[in-house]
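Heads up: the sequence lines are chains A and B, in that order. Residue numbering for the first sequence follows our numbering, starting at 1 and increasing by one per position. Residue numbering for the second sequence follows our numbering, starting at 1 and increasing by one per position.
Worth double-checking, as some hints may not be accurate.
[To be verified] Listed next, with one range per pair, are the computed distances between beta-carbon atoms: (1) E127(A) / I139(B): 18 to 26 Å; (2) F200(A) / W83(B): 33 to 41 Å; (3) R223(B) / P150(A): 22 to 30 Å.
Keep in mind that the hints were calculated from the coordinates and are not lab data. All C-beta atoms, glycine included, are put in the ideal place defined by N, C-alpha and C.
Here is what each chain is made of, one letter per residue.
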Amino acid sequence: MVLTISPIIIQIILYFAIFLIVTLSLNLEVGYAGIPQFGRVLAVLAGAIVAGAIPGRILAFMIGERYGADYANHLYNFRIVNAITTNVLAPNPLLSIAILFVTLALAAIFGGMIGYLSSYPALRLKEAYLGITLLAFGDVLQLIAWNYDPLVGATQGVNVPDVFRWIGVGEGRFIGATFTLLGFAILSYIFLDLVARAPFGRALKAMRDSEVAARVYGKDIVKLRGQTLIIGGAMAGIGGALWTLYTGSMKAITFSRLTWTFWPWAFMMLGGTGNNLGVLLGTFVFSTVRTLIYTYKELLTAVIPISPVWLEYILVGLAIVLIALVRPQGILPEKPVLTVPRETIEEIRKSVSEEKK
Amino acid sequence: MLDVLLTAISLSSGMALAAAGITMIYMSTETFNFAHASMVAWAFYVIFTLHLFFGGTPYLYFPAAALFSGLLGVIIYFTVNRWLLKAGATMVTLMMSTLGIDLILYGLLNSFADNLTLTFKKDARYFLLPSLDLKLGTIGATDIKLIHILGLVIVIGVILSIHTFLFKTRFGVAMRTTVENPTLATVLGINPEMVYLVSWFIGGALAGLGGAILAMVVPGEPRIGMVFIVPLFSASIVGGLYSIFGSLLGGFLIGISQQVGIYILAQMLGSWIVAYKLVIPLAIMVITLLFYPQGLGGIPWGDILKKLRGGE
Numbered sequence: 001m002v003l004t005i006s007p008i009i010i011q012i013i014l015y016f017a018i019f020l021i022v023t024l025s026l027n028l029e030v031g032y033a034g035i036p037q038f039g040r041v042l043a044v045l046a047g048a049i050v051a052g053a054i055p056g057r058i059l060a061f062m063i064g065e066r067y068g069a070d071y072a073n074h075l076y077n078f079r080i081v082n083a084i085t086t087n088v089l090a091p092n093p094l095l096s097i098a099i100l101f102v103t104l105a106l107a108a109i110f111g112g113m114i115g116y117l118s119s120y121p122a123l124r125l126k127e128a129y130l131g132i133t134l135l136a137f138g139d140v141l142q143l144i145a146w147n148y149d150p151l152v153g154a155t156q157g158v159n160v161p162d163v164f165r166w167i168g169v170g171e172g173r174f175i176g177a178t179f180t181l182l183g184f185a186i187l188s189y190i191f192l193d194l195v196a197r198a199p200f201g202r203a204l205k206a207m208r209d210s211e212v213a214a215r216v217y218g219k220d221i222v223k224l225r226g227q228t229l230i231i232g233g234a235m236a237g238i239g240g241a242l243w244t245l246y247t248g249s250m251k252a253i254t255f256s257r258l259t260w261t262f263w264p265w266a267f268m269m270l271g272g273t274g275n276n277l278g279v280l281l282g283t284f285v286f287s288t289v290r291t292l293i294y295t296y297k298e299l300l301t302a303v304i305p306i307s308p309v310w311l312e313y314i315l316v317g318l319a320i321v322l323i324a325l326v327r328p329q330g331i332l333p334e335k336p337v338l339t340v341p342r343e344t345i346e347e348i349r350k351s352v353s354e355e356k357k
Numbered sequence: 001m002l003d004v005l006l007t008a009i010s011l012s013s014g015m016a017l018a019a020a021g022i023t024m025i026y027m028s029t030e031t032f033n034f035a036h037a038s039m040v041a042w043a044f045y046v047i048f049t050l051h052l053f054f055g056g057t058p059y060l061y062f063p064a065a066a067l068f069s070g071l072l073g074v075i076i077y078f079t080v081n082r083w084l085l086k087a088g089a090t091m092v093t094l095m096m097s098t099l100g101i102d103l104i105l106y107g108l109l110n111s112f113a114d115n116l117t118l119t120f121k122k123d124a125r126y127f128l129l130p131s132l133d134l135k136l137g138t139i140g141a142t143d144i145k146l147i148h149i150l151g152l153v154i155v156i157g158v159i160l161s162i163h164t165f166l167f168k169t170r171f172g173v174a175m176r177t178t179v180e181n182p183t184l185a186t187v188l189g190i191n192p193e194m195v196y197l198v199s200w201f202i203g204g205a206l207a208g209l210g211g212a213i214l215a216m217v218v219p220g221e222p223r224i225g226m227v228f229i230v231p232l233f234s235a236s237i238v239g240g241l242y243s244i245f246g247s248l249l250g251g252f253l254i255g256i257s258q259q260v261g262i263y264i265l266a267q268m269l270g271s272w273i274v275a276y277k278l279v280i281p282l283a284i285m286v287i288t289l290l291f292y293p294q295g296l297g298g299i300p301w302g303d304i305l306k307k308l309r310g311g312e
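For reference, chain B alone in the conformation it holds in the complex:
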C-alpha cells in the first residue's frame, strides 16, 4: 500500500504542475492548450537525450526540460497564438490551432526518437528513467526514492514562487489585472502581449517540469503526452480553470484518486479493473463539469461554511 501511495504522490506532483501550466495559459489567453501533451513528452526526451550524452543523474537536467518546454511555449505564442488572439479567434479555433501544433510537435518527437534509436543503437521509443533514481532508504519492503520526496518539494517550491510572483511583484499584479479585465488593464498601461508571452513561458515551463517529474515515475515513450493530456485537462477543469492553486489541487485529486482508487477497486473487484483506471479522472471531470461547471472553485464554499456555522 505504501508503494502505491508514494507512486501516486509523485505522479500527482508531476500532473499537478503540468495541469497548472494548462490553467496558466488558459487564464490569460483563453486557449485550451492541446500542445501541452507534446510539451510534457518533449520533457521526457530532453532528459533522456541529455542523460545519454552527458550521463550523471537525470535530476541534473530538470531545469533544461523546463526551459525547453517554456521556450516551446514562447515559440507557439509568437508563431500562432499571438496572431489568432489579435484576430479575435473563437475559443474553438484557438483550441484547434494548438491541436495542430501538437500534431507537428508529436511528429517531430517521433522522428527524433527514431533517429536517436538509429544513431545510438539505444531504444529511444521505450525507456525507463525511474530505474536511474536514487534510493534514499527502505520502510518495510518499500524503497523510498528521491523522486517521492523531490516531487513534493518541487511542487511546494513552485507554489511559493508563483505566489510571490503573482502577489508581490508589479508584473504579477499586472498579470492578474489582465486576467481579471483585459480592457481595463490596457487603460492602466499594461501591455497584454507581454502578459500573454510570460503566461506561455511559465505554462510551458510548468509542463516541462511536470513532465520531468513524470519521467522519473513512468516509462518514457513518444505517445506519453497523448496518454496524459486528458487527465491533465481533467485536473485543470476540476481545479476551476481560473486558479493556479486550484489546478494544483485538481492534479493531486485526479492523480491520487486514479492511482489509489484503482488499487482499492482492484483489491475489491479483481485486477481486471486496472485496465480501466483512466476512466476515474474522466469520470471526476465529467461529474464536476455537469454539476459545477466552474470547477472546484465554483462550489460556493463560503455559503456552505456559513450554513454549517448557522446550523451550530
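This is chain A alone, in the form it adopts within the complex:
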C-alpha cells in the first residue's frame, strides 16, 4: 500500500472502533433501557471465547489437524494455527471473509444467549443488586475461561487464525484490520441510531422513565427487557470476537471487568448516557487521551513520577468522579430523538395551524 498513516492515528482508530461497539451496546442497555449492566465483560468474553475456540477448530478439522481438546493445548496450538494462517487463510481472501462472518455470527448468537440468560435476574432484581449480580456472572465466566484448558487454553491462551492475513503482512495487515473494525463500529452506530428512532427505542425510554406508565400503554416490560439484553449481548459478543480476531490471540486474563465493563461505563458517562452521538464523542475523547498517554509516556514520567499504566487508572477514575459531580448528564446530554425528518414535522405543524384558522 502506498498509503501511510501515522501509527498513533491507527492506534486511536483501533481503540475508538472496538470500544465504540462495546460502549454503544452498553448504552442501549443502560442509557435506553435503564438496566444497570455491570457485567458487560460477560458477553464480550463470550464473543472472545467463540472467536478463540471455534473458527480455528473448523479450519483445523478441514485440513485434518487436531481439532479436539488438543487444539487448545499450547504444545500444538501455535503450530496448527500458524499452518492454518499461512497455508489456508492467507492465499484465500474469500474463505477468510467467510470465516470472519461465521465467527461474528456465532459470537452474536452466544452473546445474545448470555443476554437472554441475564434477563432472568434482570426481571427480578433492581438497581445495584442487579448490577452486582451481573458483575458476579462476569467474574465467574472469566474464571472458567482462565482455568478450563480444553476451551481456550486457560492460562496459556490460544492463538487465533488470522482472517486478515490476506490483506498483507506486517503494517498493512494491521491497517486493514483496523479499518475493518472501524467499519463494523460505524455499522453498529447506524444500527443503534435506527433502533433509538424506532418505536422500540422509544418504548425502552418510556420503560426506563416509568415502568408503570409504559405498562399502562400496553408495553410488555418482560419482553422489552429480554430483547434489549439479547441485542446488547449480541453486539458486545461481536465486539469481543472482533478484538480477538484482531489481536490474533485469546487470553482470558485480558478480559477483565475493568477494561470491558468499567471503562465503557466511563466512556458512556463522559459522552452522555442515553445519547448515541455522546457515546461516540466520549469514546473518541478517551481513546485519544489513552493513546497519547502511551505514546508520550517517557515525557510524562519525566514530569510526574507515576508509571503511565497507573496514571491511566487515575485519570479514568478522576474522569468518572468529575463527571458524576459536575456534569452527570455528560458532554452531550440526552435529547428527544427526532423520528421523522424535520421538514415533515414542519409541514404537519403548518397543516395543523392552518386547520385551526
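Start from chain A and add chain B according to the hints.
Below, chain B without anything else, positioned relative to chain A:
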C-alpha cells in the same frame, strides 16, 4: 483439616469486618462502596510500610491501618459522596462514583508500591506478612498462630463496641433513626451529615481492620482488593445489607464455605476444582439474591419458627 479450618476462620474474620464496613456505608448513604477494595488493599500497605520502617510485629500497626482507611472514608465523603447525596444522585451514580474513586486509589497504590520497591530494593508488589506471625503452639502437625485467635477476638470486640455504640449512646440511636427514616430524623434535630460522616469513618475503619487481619492470612499485592471486593459484596448482600451483624455473619458464611467447601470438594473431585473457589461466594450471593432479595435478614425466620412450633 484443622489448618484449613483455622485459616478459614481468620480469613472469615477479616472478610466479616470488611463486609460490615460495606453495610455500614450502604445503610446510611445507600452507596455501594467499590472503593472498599482499595481501602482493604491500602491497609495491607500501611502495615507493610510501617513494618518496613519501624520493624516490630505487624500487629502493632493494626490501629494505624484502621485509622488510615477510616480517614480515606472521611475524605471520600467530603470530596465526593456528600455532594452527590445533596444532589439526590441515583444509586447507580453513587456506585459509579465510588468506582472512580477506587480506580484513583488503585492507581496511587500501585504507584506507591512501585516507588517503595525502587527506593528500598524490597519487593513491595508481592510480600508475605503471614510469615512474621507469632506461633503460639502446635496441635498435631498444625501450628496455631496468633492471628487465628486474634482475628476472632477483634471481631467479638467490634461486635460489642458497635452494639454499645448503636444501642447505648445518643449518637448511635440518632444514627439508627436516620437509617430508619431520614426525614423524620431531621425533624427531630438530628444532623444527617454528621451521621453520614461517621458511617464513612466507621465503614472505612472496618475495611482497614479487616484488611489488616487479611494481611496476616494471605500474601499482599496491589490487586488484592480487586480480588476480595466481590466476595465482600457477596457477604454484605447475603447478610441483608441492612444489618451490621447480618453482614458479619455473611462474612463468616462466605469465608468458611469458600475455604472449607473447596477443601471438601477438592478431596472429592480432585485438586483442579481449587481454581474455581471464588465461584462459591458468587453462587451463594446470586442464589440468596434471586430467592431472598432481602438477604438472610429477609428470610421470615419468625414465620418459619412459628410454623415449626405449630407443628409440634
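Now the hints, each set against the structure:
no.: 1; hint: E127(A) / I139(B): 18 to 26 Å; result: violated (48 Å)
no.: 2; hint: F200(A) / W83(B): 33 to 41 Å; result: holds (36 Å)
no.: 3; hint: R223(B) / P150(A): 22 to 30 Å; result: holds (27 Å)
Going down the numbered hints, you'll see the structure goes against just number 1.
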